[in-house]
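Enquirer: Take the sequences, apply the hints, and build the full model.
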Amino acid sequence: MKIFRKLIPGWGVVPVIIFLMLWELIARVNLISGHFFFPPFSMVVAEFYCLTANGVLGKNFLSSFLRVLIGFSFGSIAGLLIGILMGWKSLIDKALNPIISLIYPIPALGWLPLLMLWLGIGEILPIAIIFICSFFPILYNTSTGIKMVDKNYIRVAKSLGASDREILTSIVIPLALPNIFTGLKLESGMAWRVIIAAEMVAIPTGIGALMMKAESLMRIDIIIVCLIVLAAMCFIFERFFLFLETRFTARWS
Amino acid sequence: MKKLFIVFILLGILFFTFFGECFSEEEIPIGMAVEFMDHAASAYISHEKGWFEEEGLKLTSYESYVTGMALASALARGDIQVAYMCLIPAIHVYANAKVPIKIVAGTHKYGYGLVVNPDKIKSIKDLERKDIRIGCVREGGAVDVLFHKVIDKYELDKEKVLNNIQRMNPPKQILAIKMGKLDAAFLPEQWATIAENFGFKMLLMSQDVWPAMQGSVLVVKEELIRDHPEVVEKLVKISQKATDWINQNSQEAAEIVAQQLQEAGGSLFPVEIADIDTKTEITPEVLLRSMNRLEYTTDIDPMVVQETIEYVAQLGYIKSSFKAEDILDLRFLEE
Amino acid sequence: MPAIKLNNISKYVCKNINLEIFNKEFLVLLGPNGAGKSTLLNVIAGLIDYKGSVFFENKCIDKLPASKRKIGYLFQDLYLFPHLDVFSNIAYGLKIGRKKPNEIKYRVEELLQMLRIENLTHRYPKELSGGEKQRVALARALALTPEVLLLDEPLSSLDLQSSKYLRRELKQLQRTLGITTIYVTHNLTEAEEMADRIAIIEKGAIEQAGKVEEIFFYPKNEKVSEFIGAPNILDCNGFRILGKGIAEVDCRGLSIIIPDEGNKIKKIAMLPRDIYIAELKPPGPDVNRFKGIITDINISNEVVRLKVKTGNINLLAELPHHIFKRMSLGIGKEVFLIFKLRKIKCL
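Protein chains in written order, with this note's numbering: chain A, 1 to 253; chain B, 1 to 335; chain C, 1 to 347.
Be aware that one or more of the hints could be misleading.
[What the hints assert, rightly or not] Within a straight-line C-alpha distance of at most 27 Å, the following computed BS3-like cross-link-like pairs (lysine-lysine) qualify:
{"hint": "1", "chain 1": "A", "residue 1": "K59", "chain 2": "B", "residue 2": "K319"}
{"hint": "2", "chain 1": "C", "residue 1": "K126", "chain 2": "A", "residue 2": "K151"}
{"hint": "3", "chain 1": "C", "residue 1": "K307", "chain 2": "C", "residue 2": "K333"}
[Claimed, not checked] One side only, chain A facing chain C, incomplete, derived with CB under 7 Å:
{"hint": "4", "residue": "C50"}
{"hint": "5", "residue": "Y153"}
{"hint": "6", "residue": "R155"}
{"hint": "7", "residue": "V156"}
{"hint": "8", "residue": "K158"}
{"hint": "9", "residue": "S159"}
{"hint": "10", "residue": "L160"}
{"hint": "11", "residue": "A162"}
{"hint": "12", "residue": "E166"}
{"hint": "13", "residue": "T169"}
{"hint": "14", "residue": "P174"}
{"hint": "15", "residue": "R251"}
The hints are simulated quantities; they were obtained by calculation from the structure and are not laboratory data. All residues carry an ideal CB built from backbone N, CA and C; glycine is no exception.
Expert: What follows is the structure, encoded as structure tokens:
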């Protein structure tokens with residue numbers, strides 16, 4: 001019974017294992033014959049090892065990773081700062097909101113043709129795309145979170161002698177954290193999806209570009225490796241912010 | 001009641017006449033894919049002259065593809081049993097996508113060239129310069145593999161040259177040349193010749209780099225050979241006939257291919273690119289010049305195929321080399 | 001501790017309010033919802049703009065911001081900062097005031113002890129019960145040693161038992177600390193139990209301000225009377241001392257036992273809520289128990305008021321909703337009225 005209980009947290013892995021076994025079986029038995037080659041999971045794993053050993057995966061992964069890191073960091077920080085300003089000061093909100101409302105719905109990849117012409121195809125292009133992808137949603141979530149803080153907490157803090165700045169930093173921003181983290185969690189995964197798409201279309205290096213090369217060579221095993229890397233990175237990034245959210249807000253939120 | 005009975009009889013006769021006629025010959029569906037290049041001239045000529053129908057071959061589809069890679073994807077995926085495509089994409093289809101195909105004949109040798117802006121590039125070494133922008137198809141394409149041969153042969157700095165490459169398909173490269181956004185382009189024919197219309201000069205041809213390079217080939221799915229070898233025999237025969245005709249009637253061949261490419265291009269491309277290859281650029285004169293740079297022959301040398309396979313494996317485009325006999329089935333050719 | 005004076009205060013529903021709160025007194029601001037009670041508190045605290053003037057010890061503090069008014073405010077719904085634990089909530093004002101860490105620690109621990117919540121130090125508000133939250137909120141309000149304490153219906157969300165208990169504690173605390181306190185409520189019982197003085201506010205105007213007895217037994221006008229429930233005032237004659245501190249009077253045919261206060265009594269008064277109603281004859285001695293018939297029932301937000309005729313006297317009785325629901329009372333029903341000796345007021 002004790003052993004049973006110890007296993008319970010790990011049971012989430014079981015469906016995954018079954019899925020992988022089915023994949024291996026279906027591919028080996030060649031159930032989808034005549035059409036596209038469907039590599040077994042073991043072949044994908046072997047290719048993953050090869051790509052890692054020869055440095056191809058590492059190099060392309062690093063390109064994508066750095067772009068996401070830089071673009072997302074700058075986009076988040078800018079989004080947070082302007083979101084706080086817009087949430088806190090109604091004048092700034094009234095001034096910027098109409099413009100933000102117009103630009104926000106444009107999907108990040110929609111900016112690609114314009115940015116390609118303005119910035120050319122260099123490292124700044126993917127970083128700019130990720131910046132845009134992160135900036136608007138985080139700004140929106142932050143501003144909403146700030147506005148949603150019950151005004152009575154502000155009154156309480158005022159009655160206890162806090163200045164506007166102190167209220168903002170010690171009460172309003174902490175209470176807006178759940179909303180802020182929601183934005184960060186969602187956009188961290190989205191940043192990876194966007195960078196892959198941008199690299200597939202326009203940029204010669206990175207995981208997305210590797211996928212396109214694999215597509216032109218019909219190397220489905222490499223494509224699947226890239227997809228797994230993408231899924232893993234989305235998962236890790238989202239989990240990271242979930243961890244931070246839990247750390248900072250679980251006890252009281 | 002009697003009248004009704006007679007009507008039924010008449011209908012029945014009509015039915016069997018019509019459908020009986022349809023059922024009289026077993027028709028095998030043949031989906032055909034051809035490259036949008038004068039590499040597939042034999043296909044275009046055969047189609048125009050109705051030689052497929054003459055041999056009783058009913059084409060259920062006849063599609064053009066801008067690049068060999070695009071064609072290869074379609075071959076792997078869809079209802080295409082026959083393809084006129086470059087050798088190297090065919091190798092990828094076989095080795096990477098594991099599609100069961102056989103090469104049953106060649107269509108031509110050579111047919112690729114490096115065109116450059118003569119003001120900016122005087123020699124092959126200039127390709128290494130940082131400010132040079134070189135157009136080339138995506139990795140794995142025939143032109144890309146040839147480009148690697150160029151780098152090897154002329155001992156160019158691989159990293160420098162590859163950094164200068166901008167990957168795009170041939171029509172886009174022509175557009176880019178027109179707009180002054182490329183200084184050099186490695187292109188298959190007819191595109192290389194078209195580029196000369198915009199002031200570019202041919203610096204290298206495939207003959208200079210890779211003697212006896214196999215250009216395009218006639219590819220069929222294994223199941224077609226297995227189930228209908230007579231169809232494959234007819235296809236090879238038609239290809240041979242068309243190839244001989246091209247060599248004997250180069251002027252007329254150029255006119256036919258130009259017209260066929262214009263028709264196909266009108267539906268393939270968006271407006272601004274259609275302009276390039278339709279009425280304005282793909283003229284019989286251009287095609288004649290281009291086709292003279294190819295050697296149209298159905299002969300195919302297994303050793304050259306083997307050499308190609310090994311080189312592609314060396315470049316890492318396929319996981320490992322394999323025997324040329326595994327992909328070749330030249331018995332229809334020898335007959 | 002300052003006396004507070006409100007001079008012609010106008011804001012929202014409040015129009016030209018004048019009110020004085022004396023030094024160290026526990027003033028209850030009593031009125032129905034929407035009367036302007038919380039508005040007045042916010043004005044005194046400096047949390048909203050207003051017309052008129054507020055004086056602390058005859059000094060006008062209109063220009064003084066909220067942070068400088070030395071006020072402790074316990075808000076309705078408390079608004080404990082959810083992201084801070086109990087210690088940090090209480091310490092918040094002290095940290096803002098840049099007090100030294102050991103000073104903060106000392107003061108917070110003192111308050112935790114005073115309010116008997118030492119065991120809650122590291123808990124978060126969502127982990128506290130209603131009563132515990134009240135105490136923490138009170139500790140937070142007292143942390144900066146305010147000169148005025150404002151309490152906005154602090155017990156409204158508590159159950160009856162907890163509310164009773166905390167009421168007593170609050171009053172005790174206020175006496176010990178001697179802080180001038182303004183307590184807002186709509187609950188008559190709370191007001192009666194806790195107030196030194198009561199100010200009745202209705203529709204933005206102070207209807208009457210005075211000691212508890214004044215308000216309950218000498219309502220100035222109908223509005224006040226209506227709100228508190230007009231007391232039952234009976235003319236008496238035939239005063240007879242029975243000994244042991246009790247006397248007997250005759251009020252229009254009813255023989256009522258009253259506390260003997262040494263004087264001849266001409267009138268007695270009973271608040272409606274001090275007249276108890278029973279469906280069956282209650283056990284015990286037959287003193288101050290009378291039969292009556294219900295002639296009218298008035299159900300309001302707060303209470304259920306019943307007009308009961310006994311003999312030729314019409315009395316007004318009051319029951320809380322939850323007790324009324326448990327009984328099956330209707331117009332024309334015969335009930336028993338009980339006058340509690342201690343609740344009879346001799347006028």
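Enquirer: Are there hints from earlier that the structure breaks, and if so, what are their numbers?
Expert: Of the numbered hints, 4 and 13 do not hold.
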